[in-house]
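Asks: Listed below, chain by chain, are the residues.
2 protein chains.
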Amino acid sequence: MNLPSNKPNFLILAGGSGTRFWPLSRRANPKQCLELYGGKSMLEHTIDRVKIQSQRTQRYLVFGPHLVDKLADHDALSIIEPSARNTAPAIALGALIADHFDPGAPIVVLPSDHFVGDVEAFSDDINTASKFAKKGKIVTIGIPPTRPETGFGYIKKGDAFSEGFVVDRFVEKPDFATAVNYLATGDYVWNAGMFVFTYETLLSEIKKQLPGMVSGLTKIKAVLTQTAPKNWEVASDLVRETISKEFQSFERISIDFGIMENGENIVVLPASFPWSDLGHWAAMADVRTANSEGNIVHRNDEENTFFHASQNNVVSVSSDRFVAIVGINDVVLVETDDALLLIPKSKCQDVREVVSYLSEHKSELI
Amino acid sequence: MNLPSNKPNFLILAGGSGTRFWPLSRRANPKQCLELYGGKSMLEHTIDRVKIQSQRTQRYLVFGPHLVDKLADHDALSIIEPSARNTAPAIALGALIADHFDPGAPIVVLPSDHFVGDVEAFSDDINTASKFAKKGKIVTIGIPPTRPETGFGYIKKGDAFSEGFVVDRFVEKPDFATAVNYLATGDYVWNAGMFVFTYETLLSEIKKQLPGMVSGLTKIKAVLTQTAPKNWEVASDLVRETISKEFQSFERISIDFGIMENGENIVVLPASFPWSDLGHWAAMADVRTANSEGNIVHRNDEENTFFHASQNNVVSVSSDRFVAIVGINDVVLVETDDALLLIPKSKCQDVREVVSYLSEHKSELI
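Same order as they appear, the protein sequences are chains A and B.
Everything in the first sequence is counted per our numbering, starting at 2 for the first residue and increasing by one.
Everything in the second sequence is counted per our numbering, starting at 2 for the first residue and increasing by one.
These are computed hints drawn from the structure, not numbers from a lab.
Hints may be right or wrong, so weigh each one.
All copies of an identical chain are treated as equivalent in the list; a pair is satisfied when it fits inside any one copy or across any two copies.
Simulated pairs of lysine to aspartate or glutamate, DMTMM-like, Cα-Cα distance not exceeding 20 Å [unchecked claim]: (1) K231 - D160; (2) K348 - D331; (3) K346 - D331; (4) K246 - D321; (5) K246 - D287; (6) K363 - D176; (7) K231 - D278.
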């Protein structure tokens with residue numbers, strides 16, 4: 002019998018279906034599936050990034066049934082959410098499963114579609130966080146802010162704690178003035194959705210804050226113990242049926258609202274790696290090198306793109322069309338097989354206006 | 002035997018190979034072949050416009066061999082320029098042929114790719130011009146200017162002459178300040194390349210100003226007389242061979258430089274019809290109705306285009322792609338099977354930068 006491992010298992014949340022990279026991203030081909038840089042999908046980058054630490058442990062992907070075709074073949078085990086119930090149920094289920102097959106090991110929850118610029122620094126931070134997690138902490142890795150971003154939640158740092166800080170509080174997405182203030186004080190980091198804990202710690206918080214989930218989790222654990230699969234891949238139909246049944250009763254709530262905002266023993270470790278959530282087209286500048294005029298071209302044959310008197314544009318082209326941009330600055334132009342988008346970089350968030358229109362008039366395009 | 006007709010024959014210059022509507026226009030598919038409005042090509046509009054007056058006379062198209070596939074099937078007779086030698090040789094040849102089959106009738110020279118907004122007013126102006134032409138005048142129909150355009154040549158009006166004016170002089174494309182002055186004085190009209198004359202009048206000017214062409218024209222006339230075809234369509238190979246041979250010796254010169262600038266008996270009739278040369282993408286506003294936000298959509302299925310917070314754009318789409326324009330004003334976006342162009346309306350002339358690049362690197366795209 003092995004002693005509980007210090008090596009973490011990874012729980013990668015891959016169920017997102019954002020359309021902020023529309024028209025390239027679609028419900029059935031969300032951002033985590035897109036090759037936005039480096040010739041791999043965001044999810045493939047994420048898996049590669051954690052492989053170093055999970056060679057002897059496991060990588061789990063959590064996602065919904067509609068993404069099975071897209072995600073099941075990755076170098077990780079699939080945990081299918083029977084329905085979309087936000088992140089707290091998905092994480093609780095995944096953590097239960099990961100812990101069942103590697104009891105007591107730290108569990109690292111990660112988004113599947115973020116950029117990390119320094120894998121070694123990332124690994125070091127994960128190791129540090131895992132160490133805290135083994136001591137009963139819930140660790141969140143926060144991103145030191147570089148701009149007054151209003152699109153993220155923030156975490157206010159409290160007292161110093163080893164390499165990190167006790168969490169003073171989680172705060173909602175701020176307005177701009179507040180974000181400017183957060184940035185100025187130096188007391189805040191971005192909440193990037195990265196959490197490290199043991200299942201035991203998580204469960205004790207669930208018992209306090211989301212007690213309605215305890216019964217279901219207990220039943221799933223029982224049937225796993227009873228059917229004793231060697232690993233998650235060979236879990237029985239009975240296990241999957243039990244999950245399907247119990248998951249329906251879990252409260253729809255995010256891990257932030259459900260656990261973090263009122264949790265005890267929560268610490269934050271400021272990330273030591275460059276990071277981007279790649280939240281919209283303009284953020285391509287975070288992950289790709291621009292040409293000398295600041296233009297970023299995302300396509301197979303970059304030579305098929307011609308810029309004249311044009312700067313700081315983002316162009317994504319799926320076909321082999323020749324693209325000519327003349328006298329235009331600071332826009333995003335995206336071409337796919339069935340759609341074309343033109344939008345200023347500063348208004349990338351307004352892609353939602355298109356998606357909203359399409360959901361009413363041409364839902365096959367989202 | 003018929004008396005010489007007062008009804009004009011039409012000589013439509015269809016050899017242009019402009020690329021200002023790139024990527025829709027190409028060398029092998031120039032602007033006169035494009036359906037930019039009204040479901041017909043510019044040339045078809047031009048032919049339809051003159052049919053009223055040429056039911057008992059003839060319409061001739063003059064163009065080069067590379068456009069035979071595109072233009073030969075139109076409701077007009079084709080005169081092939083053996084090589085591109087600018088407009089004076091093309092017009093002289095066409096006028097000789099038109100006159101041979103309808104001696105003494107006025108000949109109306111027209112561009113093939115301009116917009117005319119009122120066919121009845123146009124017809125009236127042609128009739129008036131034809132009347133002057135029968136009296137030995139060379140008549141040019143000038144366009145009263147509506148803006149200080151620097152892209153056209155101008156004609157300075159002299160003394161009043163019947164419904165028109167004696168031409169004081171033809172002037173080159175002005176700089177902006179000069180154009181502003183021309184507009185302010187009211188003494189100038191745009192040279193739109195529309196001329197009406199009899200062949201006899203033209204030939205007398207050719208004898209004075211371009212005497213090198215006389216021998217060739219005489220030989221072509223002789224072989225036409227000798228072989229006596231019933232109409233141009235059944236002209237013999239000998240006629241065509243003679244034209245090929247003699248045309249090579251014609252001076253490469255425009256009708257403006259070669260004849261008009263120093264001609265005698267030249268009068269100008271200010272046009273009474275709305276007109277546009279449709280010289281670039283932004284001029285689509287001259288021929289198509291914009292939506293309530295000032296956007297012009299040129300495609301089969303306009304419903305496939307979505308604008309949000311976007312005004313005064315011109316969008317031309319060849320495919321059935323859904324196109325979304327968000328937060329963008331005053332640009333031209335053109336999509337064809339093999340190319341995509343994005344350019345501000347105010348810089349449409351800079352399409353030439355693209356064409357120039359392509360001529361060096363990807364000439365198959367122009």
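Asks: What are the numbers of the hints that this structure violates, sorted from low to high?
Replies: 1, 4, 5, 6, 7
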